[in-house]
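Knowing the structure of chain A, use the given hints to seat chain B on it.
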Amino acid sequence: MISLVLGAYAAEITVWHAYRGAEEEALEQAAHQFSEQSGHGVRLVGVPSGAYSSKLETAIPRGNGPDLFIASHDNLGKWTTMGMIEPLVLSPTGHIPVAVDALTLDGKTWAQPLAYKSVMLLYDPARIDTPPTTTDGLIELAHQQVEEGRYGLAWQASEPYFHAGFMHAFGARALEPGGGARLDTPEHAAAMAFSKRLASDEGIAPAQPTGALIAQLYDEGRVGFVISGPWFTADRSRAIAAAPLPIVSETGRPMAPYLTVEGVFEVPGAADGSADFARYLALGEGAAVRSEVGQQAVSDLAIQSDAPMRVAMAEQARTAIPMPSDPDVANAFEALARSLRAVQRGTLTPEQGAKSAQNYYDILSRPLPPAADPRPWLVGVALLVLGFLGWVGFQLREPELRARVRRHGRDYLWILPAGLAMSVLVVLPFVTGAAVSLFAHKGGEWRFVGLANFLDIALARDWPVTSSLSFVFTLGVTILWTTVNVILHVSIGLGLALLLREPWVRLRSVWRALLIVPWAVPNYITALIWKGMFHAQFGAVNAILGFLLMRGEPIELDWFAQFSTAFCANLVTNTWLGFPFMMVVTLGALQSIPRDLEEAAEVDGASWWFSFRYVTWPLLKPALLPAVILGSVWTFNMFNVIYLVSAGEPNSSTEILISEAYRWAFSRGNRYGYAAAYAVMIFGVLLVYSRAANRLVGEKVI
Amino acid sequence: MARRPSTPQVVFTHVAIVLVTLAALYPVLWVLKMAFSPGQAFSMDLSPIPTAVTLDNFRDVVGTTDSQGSWLFGRQLLNSLVISVATSVVGLSLSTTAAYALSRWNFPGREQGMGAFLVTQMFPGVVMAIPLYLLLDLFGLLDSLTGLVLVYATTSVPFSVWTLKGYFDTIPVALEEAATIDGASRWMTFTQIVLPLARPALAVTGLFSFMTAWNEFILAATLMGDQRSFTLPVVLQHYVNDHQTEWGHFAAGAVLVSLPVMALFFALQRHFVEGLTAGGVKG
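Residue numbers (this note's numbering), protein chains in the order written: chain A, 1 to 702; chain B, 1 to 283.
Next up, chain A with everything else stripped away, as it sits in the complex:
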């Protein structure tokens, strides 16, 4: 019976995707139909989109991946160099040419095209009769919307993917045809200036527009025009119409957006029938289901839809430019995004923005350090290990110590399980990870570089020490972050604990229970909520401040525009998350301090402060110290809050060391070696700190 089930399993085709909603439903239907016709089982696995590409890139090279996966074409370059995908044979005439182009690299086609997507001009047909054909017309209509009490235009202004229309209309491009990027051009400056004009100067757009926020504003009827794609129209609760993006009046050229093509990719060694399923999905029946149920703009030429949305999509596809699949585009995007935010906020002029983008791009795409000879290193490591063993052996020569070890022999059995588990599952991965710091990685290429990563970081070779990218700067921020947090955690926790232990306080256990709620709710949930509460226009924090300052309306403060307030936003979130732990620890410690001591002091006429300072505190301190040291180590590495609340804004100045390491590994050109060197340095700093803390306290605390 069991083997039967397993047998059936083996013939299955596993498909990974990140679809949600109608598209997912369409995929399920198509898979079902295919199974019935072909007899091949199809297993669909939805992967959260945030973890999707990293999951593909970890699993597939090790043979743990799916047979097929659905993704857009923009990572094609990386995946072919990694050997993650197999070329597929496409129907020569069945698909729209631009889709086939996008999936072609080095003369081969790498996926069965499914659908194409690009941004368009979306609008609310209840408010707007005829969409504009030029940006001047768009701005005029948008102002009308503002007069009627809603936002004129919303788009994810700081994302280069959405900025591409302006960029192309002004004659700029993300990557040069021969490779590399030129971002410090007058064309880029002009496009940024135009983006700033629409995003802030004209007063027609909402602040800090994320995809989720724009969707919500649209559903509430609070925005007239949106620049977004088919994914946006799918789940709208209001009617929505689409038109091609307008012509930019200043240049007379159309806003040409990027076109991304979604395809089914086949993994080497895929199960039988995988290629059949890929073809089934791409053309004919599969495409029909995706078109009807999933509302996708399918690349199958035989399927035409006269739905207005799809007609607009097809029309937009004529001017759209396929998104570059060179991995280097990620660096150009990262650099552009950073400058766009600064220009829109007005902290940089468009010219400075363009220059700074180029500067940042050069940093991200800088060449690898020169290769080093690994042999001396191998010898060095071998010597270290031998030296350590020799040292232990030397110690054990002392008969007294040997006798002690023998006498306590069985004691070691008690810590053996924990020690073994820690060595294998914590120490080993860390040492492996740390070893990576001796290598450098860029675009799929690994090179042994010895200590070059560490030297680059410590000497700030690639940028000045005062830059927010420098290790010293980030270390300073991290120390400030840890110190202020721990002080706030301890003082708030201590204050509450002192209040809550008074026997005359009513409902003590109720308060105590309610106050630990921030600790009990997972922090990735509450950090996201706090992020929302700090929004400049719609956040509760500004509303509350407006109320407290008796303005009668929310104050207008962009929390993430300058270091001080962005840092405060992180701080508030983390203080909120962290004080309950300190409160509980303090309550515990207080419980064991006999009340009579303090009361005796107070009966003798001592003030409250005196009795706290000289009776309670000295008894409390030793119990709190380990918690403080542990708490500061946790805060030092508190990745979630920084990543989810400020995300390093502005200009990665509120980044702490751990999030900075993450950025180098995952969003700044996959510099794994560099990130690992950061991690090793974090470890070093903490090690020094705990040594120093122990010495400072004058006793072994932990």
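Derived by calculation from the structure, the hints in this document are not laboratory data. Only a predicted model underlies this, so the values are computations on that prediction, with no experimental measurement involved. Cβ atoms here follow ideal geometry from the backbone N, Cα and C, with glycine treated the same way. Any given hint could be a false lead.
Said to hold, decoys possible - If you only want the chain B side, here are some residues facing chain A, beta carbon under 10 Å, derived: (1) V20; (2) V28; (3) V31; (4) S37; (5) G39; (6) V90; (7) V119; (8) D143; (9) T154; (10) Q192.
Leaving out everything else, chain B in the frame of chain A:
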């Protein structure tokens, strides 16, 4: 005899406590509001009280099924439960003996051993995900509950050892000495006398290990390759993506994920305060 507080003192204290509690609960009330309100919008006004109440979001989240129509949410809830309970059990069994040895016996290397446990807390997690993946792949534990439990349990060991050792330090050795004189072995003394006395600390560390596993999503998403083996936090991430955030579903899921932890917190509250006392005072 307890000193009687003055009336202003009483009033001030209560006002302060109520204010802090409100501030602490405000963001959480928002989660509740979004969970119980219809739609997927992020609540944009000040009041954390929903204007319309519906259970739709909960129904959607709980009712998730996969393409074969089997009940996905139930499966994932079971995964989360099994993994978290197993993590507490494995984590506790690893750390109690180690903590007891470190607390009681002065064997050579003891200091270094304790230092080593603290030091592992300083390893930045960022670099460890990929080596862990390779390691579990090597042992064939990828995509298995066992692999995840082992990883979580070891992650929770240092904190558990630290807490338990602190607590063991506060238990008078005299009891154990008496038992030894009566002929009890070390193992018997440990299991029959010390562990029952250490119940508060066991409760706290058990809860901590449980939470480590219950709330974690980065490793779970990396190490598990299948919707049927995902844990609830991974599923929650599904509702928050680049294009759109389904706040209603996310909040409903968040409430469901937080409830068991909250219940455990309240059930174990009594032990909490005592269990976290890290020695030094009583000793």
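Status of each hint after checking the structure:
A cut of 10 Å between beta carbons decides the hint on V20/B: the least distance to chain A is about 6 Å, and the hint holds. Hint status for V28/B relative to chain A: holds, with the closest Cβ pair at about 6 Å, below 10 Å. Against a cut-off of 10 Å between C-beta atoms, the interface hint on V31/B holds, since the closest Cβ of chain A lies about 6 Å away. Contact between S37/B and chain A, as hinted, is not supported at the beta carbon level, the nearest pair being about 12 Å apart and thus beyond 10 Å.
Contact between G39/B and chain A, as hinted, is supported at the beta carbon level, the nearest pair being about 8 Å apart and thus within 10 Å. With a least beta-carbon distance of about 9 Å to chain A, the hint placing V90/B at the interface is held under the 10 Å criterion. Using the Cβ-Cβ criterion of 10 Å, the hint placing V119/B at the interface with chain A is satisfied: the shortest such distance is roughly 7 Å. Checking D143/B against chain A: minimum C-beta separation of about 7 Å stays under 10 Å; hint holds.
Below 10 Å, beta-carbon pairs count as interface contacts, and T154/B has one with chain A at about 4 Å; its hint therefore holds. Checking Q192/B against chain A by beta carbon gives a least distance of about 16 Å; that is not within 10 Å, so the hint is violated.
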